[in-house]
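Respectively, the protein sequence lines represent chains X and C.
Be aware that the first sequence starts at 1, since it is given in our numbering, and climbs by one per residue.
Be aware that the second sequence starts at 114, since it is given in our numbering, and climbs by one per residue.
Mixed in with the good hints, there may be bad ones.
To be verified - Listed below are the simulated BS3-like cross-link pairs for lysine-lysine, each with C-alpha atoms no more than 25 Å apart in a straight line:
#: 1; chain 1: X; residue 1: 105; chain 2: C; residue 2: 154
#: 2; chain 1: C; residue 1: 149; chain 2: X; residue 2: 49
#: 3; chain 1: C; residue 1: 149; chain 2: C; residue 2: 122
#: 4; chain 1: X; residue 1: 105; chain 2: C; residue 2: 149
#: 5; chain 1: C; residue 1: 153; chain 2: X; residue 2: 105
#: 6; chain 1: C; residue 1: 122; chain 2: X; residue 2: 105
#: 7; chain 1: X; residue 1: 60; chain 2: C; residue 2: 122
#: 8; chain 1: C; residue 1: 157; chain 2: X; residue 2: 49
#: 9; chain 1: X; residue 1: 49; chain 2: C; residue 2: 154
#: 10; chain 1: C; residue 1: 122; chain 2: C; residue 2: 157
Stated by the list, open to error - The calculated label-pair distances, taken between Cβ atoms and stated as ranges, are:
#: 11; chain 1: C; residue 1: 182; chain 2: X; residue 2: 13; range: 44 to 50 Å
#: 12; chain 1: C; residue 1: 209; chain 2: X; residue 2: 26; range: 36 to 42 Å
#: 13; chain 1: X; residue 1: 54; chain 2: C; residue 2: 168; range: 27 to 33 Å
#: 14; chain 1: C; residue 1: 130; chain 2: X; residue 2: 5; range: 18 to 24 Å
#: 15; chain 1: C; residue 1: 129; chain 2: X; residue 2: 12; range: 19 to 25 Å
Read the hints as simulated data drawn from the structure, not as lab findings.
Ideal placement from N, C-alpha and C gives every residue a C-beta, glycine not left out.
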Amino acid sequence: GNSVTQMEGPVTLSEEAFLTINCTYTATGYPSLFWYVQYPGEGLQLLLKATKADDKGSNKGFEATYRKETTSFHLEKGSVQVSDSAVYFCALSEGGSNYKLTFGKGTLLTVNP
Amino acid sequence: DTAVSQTPKYLVTQMGNDKSIKCEQNLGHDTMYWYKQDSKKFLKIMFSYNNKELIINETVPNRFSPKSPDKAHLNLHINSLELGDSAVYFCASSPQRKGELFFGEGSRLTVL
Numbered sequence: 001g002n003s004v005t006q007m008e009g010p011v012t013l014s015e016e017a018f019l020t021i022n023c024t025y026t027a028t029g030y031p032s033l034f035w036y037v038q039y040p041g042e043g044l045q046l047l048l049k050a051t052k053a054d055d056k057g058s059n060k061g062f063e064a065t066y067r068k069e070t071t072s073f074h075l076e077k078g079s080v081q082v083s084d085s086a087v088y089f090c091a092l093s094e095g096g097s098n099y100k101l102t103f104g105k106g107t108l109l110t111v112n113p
Numbered sequence: 114d115t116a117v118s119q120t121p122k123y124l125v126t127q128m129g130n131d132k133s134i135k136c137e138q139n140l141g142h143d144t145m146y147w148y149k150q151d152s153k154k155f156l157k158i159m160f161s162y163n164n165k166e167l168i169i170n171e172t173v174p175n176r177f178s179p180k181s182p183d184k185a186h187l188n189l190h191i192n193s194l195e196l197g198d199s200a201v202y203f204c205a206s207s208p209q210r211k212g213e214l215f216f217g218e219g220s221r222l223t224v225l
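This is chain C alone, in the form it adopts within the complex (with noise of 0.2 Å):
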């Protein structure tokens, strides 16, 4: 049974479209995160709730829209996809904001 898991794994998009990718985790875990994933590997923290809370936005374009409706879920909305969207979008989870993350398999968008 996976702990955190994303969908879709891969996402194929022209620019300017709207895409989703939705994330759950059933570890009982309070806190959620997105995290960006460039083609260098490099990863940067996008957002995180606490118990459906948002607790860290960091400087992303407003295109980007996290949503969280219950703290087992953590979706990412983005609208009008450009090109450097591109990437892998990694799902994450932790206890009471503490310890380990645990991730997800990642989404790669791809916009063309």
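Bound-form chain X, shown alone (with noise of 0.2 Å):
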């Protein structure tokens, strides 16, 4: 089955840090890639999404790229700022009859001033 590992969190950085979010899947078919964010007490929002093998997904200062021959979809962004802190999501989807996102576990990030 489809199944996403994301890198083990905590991740607690400094404002103005590079970060690096990873995250690998498994799947059968050609999947889309999409992360997505959890800020504290709200529900899940679409930071980015990729569709097919090389796109790069944006938004936001963060970015994306599909790597099929690797298999991965890490997030990066070049400066963090405290408004950054929440939870990220690697998630995977499949179209078809039985549609659904599939998730990783999920990596807390917290950007201290």
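Since each chain comes alone in its own frame, lean on the hints to assemble the complex.
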């Protein structure tokens, strides 16, 4: 079956530091890949997505590139802010009759001023 | 205007009780979901409906029964609540079984 593996957290960084959160996946077909963010006390929001190999998703300074050869979709940001503190989820989907998102376990990011 | 709304946001109840969580989406999506998020933030799908038809039913105890009166609503009823049911339950919707999911703000259930 499909699965997503994310780096274990928590991750603690200082403001303006570089962020990488690793994500690798296992899928039988050609999934779409997503990063969702969950701020404290809120639901999940889509951060970025990529639907095919070599696509780069980007939003709010975050980027992730769909790497089919390494089955990875690592999240990066060049300079984090305190407001980026949240839980980040990597997810994949495959279309078809049983469409759903399969999520990684989430990575808690804390950014200190 | 909230796209996916759930009620109640917080629910505290005793073991053995029966409770319901309601979800409504105004996005015109055909597919709706219930996910459970445990205390370690792990998200697991429970159910999915497409146009009122159940299409995904993961390994969930029979005490959990979803109901979709129309494609804009998906409710979750839980019988005989147990301590292990304590979690945050998220409703979500997606267009035509593809693309991103849009999540509600979650309903935090605490069973005492």
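Hints broken by the structure, by number, lowest first? 7, 12, 14 and 15
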